[in-house]
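Participant: Hey, can you work out the whole structure from these sequences and the hints?
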Amino acid sequence: MKKILSVVVLASCLTAATTTFSAEIDFSGNFLHDNDVLRFNFSVGLPGVVTVFSSSWINGGFDPILAIWDSAGNQIEEQDDGGVVGSRQSNSVFYNYGEFDSFLNINLAVGDYIATLTQYDNLSVSTLLADGFLRDADPLFTAVFGCSNGSFCEGSLVDSNNNPVEPNRTSDWELHFLNVDNATLNTVPEPSGLIFVGLAGLALVGGRKCKI
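In the numbering used here, the protein residues as written are 742 to 953.
Keep in mind that the hints were calculated from the coordinates and are not lab data. Heads up, some of the hints might be wrong.
[As the list claims (entries may be wrong)] Simulated restraints, written as ranges between beta carbons of each label pair:
#1 D900 <-> E818: 19 to 29 Å
#2 N904 <-> G852: 35 to 45 Å
#3 L881 <-> G801: 13 to 23 Å
#4 I817 <-> S889: 31 to 41 Å
#5 G824 <-> S897: 15 to 25 Å
Using N, Cα and C, we set each Cβ at its ideal position, and we do this for glycine too.
Facilitator: Structure below.
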């Protein structure tokens, strides 16, 4: 059974004249196994560009893959590398991201959506979330890439400047949602089951606290 532990959530919501929110929500934690899958449910209250990005690879974390799905589990977009380097502010904190972090600016209509986070090369099997992921049955699949850790291995990757990338990565992940109504971390409905513990969420709305 796969488990995801030590999840921390920080959210800042700004109220509008309606009940919609423009929230910045930050998640972080650790994978236990190479083939762990994180599922986030989020909603969009106003149509527009939603930004979802990771900031963990640049700090030594594993190579993430980010996918966005509609509420029925139909894939909208899947991305391995964002291919950009920079810094983005969320909840008054600047988070750096590297070229192998995932970074999506995606135009979404009002509605409910799903985001999944996996480790390369645990890509989705198809454009249906219910079909699962390529490495669902292999909890140590990155060992074949080669690194002394035996898991969370990058292999012999080089960056865009042709510099070698450290093959031993950590289990750390960080993911940020900007311009959403809300976001929560949930389990992916797989036969093997996923469990997460230690989820803490807090949002500040006009001086009031709202639970995520």
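Participant: To test your reading of the hints: which numbers does this structure violate?
Facilitator: none
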